[in-house]
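These protein sequence lines map, in sequence, to chains A and B. Read in the working numbering, the first sequence has 73 at position 73, and its numbers run on one by one without any break. Each number in the working numbering comes from the position in the second sequence (counting from 1) with 297 added on.
These are calculated hints, taken from the structure and not from any lab test. Take these hints with a grain of salt, some might be off.
Heads up, simulated BS3-like pairs for lysine-lysine below, C-alpha to C-alpha not over 30 Å straight-line [as the list claims (entries may be wrong)]:
1) Lys617/B to Lys284/A
2) Lys58/A to Lys522/B
3) Lys163/A to Lys87/A
4) Lys188/A to Lys165/A
5) Lys188/A to Lys87/A
6) Lys163/A to Lys188/A
7) Lys617/B to Lys87/A
8) Lys87/A to Lys162/A
9) Lys284/A to Lys162/A
Partial chain B-side listing against chain A, Cβ under 10 Å, derived [said to hold, decoys possible]:
10) Lys324
11) Gly325
12) Leu328
13) Pro405
14) Ile440
15) Glu618
16) Ile621
Even glycine gets a Cβ: it sits at the ideal position worked out from N, Cα and C.
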Amino acid sequence: MAFDFLIQLLVNGFIIGLLYGVVAMSFVLIYKSSQVVNFAQGEFLLVGAWACWWLLAKFSMPFYMAFLLTLLFMMLFGILVQIIILKPLIGEPIISIIMVTIGLSIFFQAIMNWMFGVFTEPFPQIFSSESLNIFGLNVQTAYLMSGLISIFIMISFALFFKKSKLGLAMRATAFDQQAAQSLGVSIKQVFAAAWAISAMVSAVAGVVFGIVNGISSGIAFMGIKVFPAVILGGLDSVLGAILGGLVIGLLEHLAHYIDVQFLNIGNLIRIAPFYALIVILMIKPYGFFGTKDIERV
Amino acid sequence: MNLKNSRPCGDFRTSYNRDMTMFDDKKGFYLTCLGILFLIFSPLLLDSYLISLLIYIGFYAIAALGLNILVGFTGQISVGHAVFFGFGAFASAWLNNNFAIPVFFCIPLAAILTALVGLLFGIPAARVKGLYLAIATLAAQFIMEDFFSRASWFTGGVDGASAEPLKIFGIFFDTDTKYFFIVLFWVVISFILATNILRTRDGRAFLAVRDHYLSAEMMGINLTKYRILSFGISSFFAGLGGALYGHYLNFVSIEEFNIQLSITFLAMIIIGGLGSVRGSIMGAAFMVLLPEIMDWLTRSLAGTPIDNALSLSEAIPFIKEASIGLVIILFLIFEPNGLAYRWGQIRAWFKLYPFSY
Chain A
1 MAFDFLIQLL VNGFIIGLLY GVVAMSFVLI YKSSQVVNFA QGEFLLVGAW
51 ACWWLLAKFS MPFYMAFLLT LLFMMLFGIL VQIIILKPLI GEPIISIIMV
101 TIGLSIFFQA IMNWMFGVFT EPFPQIFSSE SLNIFGLNVQ TAYLMSGLIS
151 IFIMISFALF FKKSKLGLAM RATAFDQQAA QSLGVSIKQV FAAAWAISAM
201 VSAVAGVVFG IVNGISSGIA FMGIKVFPAV ILGGLDSVLG AILGGLVIGL
251 LEHLAHYIDV QFLNIGNLIR IAPFYALIVI LMIKPYGFFG TKDIERV
Chain B
298 MNLKNSRPCG DFRTSYNRDM TMFDDKKGFY LTCLGILFLI FSPLLLDSYL
348 ISLLIYIGFY AIAALGLNIL VGFTGQISVG HAVFFGFGAF ASAWLNNNFA
398 IPVFFCIPLA AILTALVGLL FGIPAARVKG LYLAIATLAA QFIMEDFFSR
448 ASWFTGGVDG ASAEPLKIFG IFFDTDTKYF FIVLFWVVIS FILATNILRT
498 RDGRAFLAVR DHYLSAEMMG INLTKYRILS FGISSFFAGL GGALYGHYLN
548 FVSIEEFNIQ LSITFLAMII IGGLGSVRGS IMGAAFMVLL PEIMDWLTRS
598 LAGTPIDNAL SLSEAIPFIK EASIGLVIIL FLIFEPNGLA YRWGQIRAWF
648 KLYPFSY
């Protein structure tokens, strides 16, 4: 019984971890290309999820249409946030950047609560069956789909950065802004694209999370859970973000297992990633794949 | 962005001693004295609601001052200031309830206890900087919140802790008007203390660490020591503010010291002005008054078509919250130097009146 429970938790941890990985990836994308630490990543998820829910519930659209419209909306949303809020702050000290994204996160969270209420709203039914039975394990269809979608996003990310022109331009900008600019890369376009893609990917994660657990402002907490993942993987590594997300997802579910089976202190699932974060910062502050700063303290 | 330390036109300093004075000039000293004098007599003039707002401004200002020493003067970002504020509140209640120490002594003792905890947290924090420090303190915020909810011997767990009202010579300071003087006393003490800390060698070392830590280290400043010390001093003021808060409400609950409060503290110092002692109190006043103004605005709009369209009256808590976020963003974009800088500009304008620019 206990063993089954462990396996079940680990499967859930893996899938949630993939989702963390996706959010972490979109966080890293912004950090890498525009050097902005986005504390409002969680609110991107929230806005995306609510937008999709609104289209589904109020206009009873078919899911794919609502989903596409949400992506379009989030693209514009990301670009607008970048142009209106972040652009005037280019070159400001890091505390200003951190604070402005924190301000954004408070603002959007309040606005979302105002518009949609503080209670958890379930997503309209999308899949015909609630859960599937795979190798004797009960896996929710939504979980399975979210895992598949996450893997799909990751693969398309990899292809985008390897093959497409914009992807190459973004990598060049991340590597050396001035050199990229002198070779004709439009930095403005790259920044806008980074924010647009990040917002879109976050929205996908938000919708998936909303389908699994229902939408509430709790989704925004994903934006904070993302920090252990990105620190573990290294702040500027996309691959690291995915791995970090997976490790944190597995770790917190493992902690939950230990908590339930042996310790019985409760709430460990919520707090374990932050202990991990402190430990990682102490022993390996640049993570698995992060660039080491030459300046040392 | 380097405007932060530049003085307005016409503000001359011709000697080092002149530069190290507590007040810019005689007029500043008299104005401050006048302000304190006004506050001493304010309970006669203002009703108890306004006095309670002043009390809130008081203990938030003390805590914001602590955060400003850490962030504004030493350049260490902390997103977990609220837990030190909370620790001070719990520590004071705990000392009073378990060791029967009079509340009057509990408040500074709690501040010292919080400073020790801050020093402890400062040791790992001194190893990382900038963004990493912000994330580390964010983690500390959640870990400490978790600690508050677990350590029922210290905080009373979910029931919270009760804090006795303050009592000196048999007089209970349990009404707003009476408690106001206690808060005023500590505000004056802590602002004098902070100003003087920043005039010493240690205070100048903080500025050096902020401006360029490598150069500072080369000049013989022990970075680790000053980073940790800054955490300690900042926690001291946070704890002091928290203890005053606890004995004002007579009840400390574990849910109040969340990340929202930490962000509010950061907002206070950004709006007031990073690296300005005076700015801390301005920012605290601004952040305490902002929800009140929003409240007042919403209520004065009641019944109008705008209200009917948006159902404002039900949304007051969200409007308050959103306004905090919006104000942070607007200040960072349009007035990154904060209110203190603007205040200096206004004073300079009057000083140089016909020829100011």
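Item to check | Numbered hints the structure breaks, given as an ascending list | outcome: 1, 2, 10, 11, 12 and 13
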